[in-house]
Structures are given as structure tokens and as C-alpha cells.
Amino acid sequence: MTKKHYERFSSDIDFSVFDHIVIGSGMGGLTVATWLAKAGKKVAILERHYVPGGFTHSFKRKKGFQWDVGVHYVGNVGKEGSLLNMFNFITEGKLTWESMGATYDVVHIGNQRFELKAGKENFKKQFITYFPEEEKAITTYLTLIETANKRGAAFFFEKVFEPWLSKSFGWVFRKRYAHYSQKTTWEVLSSLTNNKLLIAVLCGQCGNYGLSPKFSSFAAHAMVIGHFMEGGYYPKGGADQICQKTIAVLHSLGSKVFINADVQEIITQHNKVTGIRVNDTLIPCASVISNVGVNNTFNHLLSEKDRVRCHFNLKQVPPSSGHICLYIGLSKSSAELNLPKHNVWYYANEETDQLIEKSTLSEAPKNFAYISFPSAKDPEWDAINPGTATIQAISVGNYNWFSDY
3 MTKKHYERFS
13 SDIDFSVFDH
23 IVIGSGMGGL
33 TVATWLAKAG
43 KKVAILERHY
53 VPGGFTHSFK
63 RKKGFQWDVG
73 VHYVGNVGKE
83 GSLLNMFNFI
93 TEGKLTWESM
103 GATYDVVHIG
113 NQRFELKAGK
123 ENFKKQFITY
133 FPEEEKAITT
143 YLTLIETANK
153 RGAAFFFEKV
163 FEPWLSKSFG
173 WVFRKRYAHY
183 SQKTTWEVLS
193 SLTNNKLLIA
203 VLCGQCGNYG
213 LSPKFSSFAA
223 HAMVIGHFME
233 GGYYPKGGAD
243 QICQKTIAVL
253 HSLGSKVFIN
263 ADVQEIITQH
273 NKVTGIRVND
283 TLIPCASVIS
293 NVGVNNTFNH
303 LLSEKDRVRC
313 HFNLKQVPPS
323 SGHICLYIGL
333 SKSSAELNLP
343 KHNVWYYANE
353 ETDQLIEKST
363 LSEAPKNFAY
373 ISFPSAKDPE
383 WDAINPGTAT
393 IQAISVGNYN
403 WFSDY
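Here the working numbering runs 2 ahead of the position in the sequence shown, where the first position is 1.
Everything labelled a hint here was simulated from the structure, so no lab data went into it. Not one of these hints is a red herring.
Straight-line distance between alpha carbons at most 30 Å, and here's what the computed DSSO-like set of lysine-lysine pairs gives:
1. K138 <-> K119
2. K43 <-> K161
3. K334 <-> K238
4. K307 <-> K169
5. K138 <-> K122
6. K43 <-> K6
7. K152 <-> K127
8. K138 <-> K185
9. K152 <-> K126
10. K62 <-> K5
11. K119 <-> K81
12. K127 <-> K138
13. K307 <-> K161
14. K216 <-> K198
15. K216 <-> K119
16. K122 <-> K177
17. K274 <-> K40
18. K334 <-> K64
19. K96 <-> K43
20. K274 <-> K161
21. K40 <-> K5
22. K44 <-> K161
23. K238 <-> K96
24. K152 <-> K138
25. K317 <-> K161
26. K43 <-> K274
27. K216 <-> K126
28. K81 <-> K122
29. K44 <-> K6
30. K238 <-> K5
31. K81 <-> K40
32. K185 <-> K216
33. K65 <-> K5
34. K6 <-> K40
35. K119 <-> K152
Distance ranges between label pairs, derived from CB positions:
36. E94 <-> F171: 33 to 43 Å
37. D282 <-> R311: 20 to 30 Å
38. K43 <-> Y132: 50 to 60 Å
39. S254 <-> G112: 50 to 60 Å
40. H325 <-> P388: 25 to 35 Å
Keep in mind it's a predicted model, so treat the numbers as computed, not measured. A virtual CB, placed ideally from N, CA and C, is assigned to each residue, including glycine.
Can you make the complete structure from the sequences, with help from the hints?
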């Protein structure tokens, strides 16, 4: 059994020994906490849930079933690169990955099946096989993906510039990226081809960024497609190994994760943080990093006075699309059931926007589904959970359908 390197929050704990407090133990919070800890700082991470890790934690039910809540696959870890180096840094190389194989996603449009192959050339050849008359559009599309991501890298790098440098030259990076970020995925793809089926297949992974083609930024689409271009990978031992191994490193560096810590307020005075209120307990502190989302941070943790000072109104920003998830446990192994490693994306037809944005509760699962097979992806599953398998199925889940409850 994995040793737990976290503890319950208590008002008796002396928080004065910590240099920084991080709210939320999702991977954003754990990552910044680890970087600070490795720089010699003492960090306290406060988590409201009774399990840390955010969307990297797992949950269990009887008969040995275990499911991820968020990490179904990750890209860009098959070779030495930025993401792999980041994971190696925060887990000290203890996290290992399993490839999902040559085909990592399969998109179904009605009764037609399309495989997404790992590697740019493999991806391209496969799509040209499916759409031989669209070779030019496919080639141009892949070029646009690369260009958008290069411009995106420069755009995000500009954020570390000194204010004077950002004011002098930053506009160049922002303008160049706006050419892609300020256009919808549909606008860009429909300028390349009139083939609705091709566009639907190219947008088959749109569930990964939450919005359908006519509502999503092409830049966001490009980041996701580029992220998985070399294939999909799954953490050996399950998704919770990401947070568990990171928390173990934090613990070894003298930082701590506290669960059951409900942060109610970030307290400021004269434009500076002076403390936070947790479980009705006031904790003085000078540095707070919030990892609980922009909505929770600005609309719930900060005062109205602080929100006004920010000069923007987040209440006018609509939320992205929600989802419903079905967790399935099976009493046979993945091998016995012939479950695949790849994910399945299903759309009833090529009208992706209509299927996602206009779905009703009764129609949603018939029109759109993402299906993942965690037990088949994890090479260590059978040793830990013999004779069982798991499936996760996701469809659209609008908040309005459930608001009455």
C-alpha cells in the first residue's frame, strides 16, 4: 500500500514556518509548490477534499475497482522534451509511462471509423488514406498546427518579460498569436476544406479542450492536437501515481499537504495578502498562490473590493461545457474482454457543434461519447487488481439539466 504523505488540517498547526501557502492540490498547485520547495522554500498545500491530487487522484469501490477522475492519457512524454522533463523534475524520475501504441485515439462518426496514428507522418498518411482528395488541406492543416504552437510558445514566453520589455516588444508576440487564438477552430478548418466529415474527424478530440469547433479557439485546438501528435501515454500504476509521487517529493523537502482544509477567504490589506481563513480559523501569511480556478479565486475567495481592483468582471464569462461520467467495473480482465488501449470518440454524425451544444439529457449519450479503458492502459493493473477491468464513459452534461437538484 502506498504511504500517505499528507495529513488532516488542524487549527493547532503552526503555519508560520511556511514561506508560501498554495490553495488546491491539483497538479498546477503541486507543481508550483515543488518548484518552490526545490528552491529551498517551505510550502503548505491546502486541499478541501479528503484526497489530494485534483484531477490526478483516483477513487476506489468494493471488489477492487479503481477509476481515474481526470487523467485518461497524456502526450509529449515519449521522448526527452519539456513535459517529460517537468514530470521527471517534480517526481525525481519516479514516474514512468506506458505507451498506448501506434493508435491512441479512434474517432467514430456514425458508422465510420478513423484511427489517429502517433507521429506526424503516420498521422498524415493515415488521413490521406481516408481522404485522398484532401491531401492539400491535410498538409496545410498540419503546418498551421505547428505554426500556431510555435507562435503560442513565444506568446507564453513573453509573460516572463520585465514590464518595460513586455510593453516595448510584447505586442509583437501577442499580435502574431492572435492570428490563431482569435479565430474559431471552425473558421480555420472551413477555410481549408468544405469536407464536413474531414472537419468532424479533425475535431474528434475536441472534448479534451471542452468546446465544439464553432465555439473553440483554434489556438487551443492546435495545442491539444500538437500535444498528442507523438501519441498517448498513461502513468504506470494509475493516474494517482502522478500526484502521489509528487507529494512524496514535497514531503521529503519539508513541505506539507493538508486535506480537509476548506479555504473560505483570502484576506488582503493595502493591496497585500495578510492571511487566509480556513475552516473558520484565521491563518496569518504573506504569500498565497491559488490553484482553485479563476472563478473560485476571484468570485468566492477575494472580497468585492479586491475584485473591483482587478478591473474585469468574471461573472460575465460563461463556463465551458460540463460533462457526465459513467464508471464501469467488470469482473473479467482487460485481456479476457479484449479491451483496447486506445480511447474511443463517438459522434452520431458530422454535425459536431449541434451534437455537443444542442444536446438534451436524453439525447446526449446517443449523440456523443468518449470511452476510455484505464485497466487496459496500465501494465500494472492485473497484478494489483486481478480478474477485473474498468471502463469510463463520458458525455455532455449541462448544468441546467441538474440545477433543480
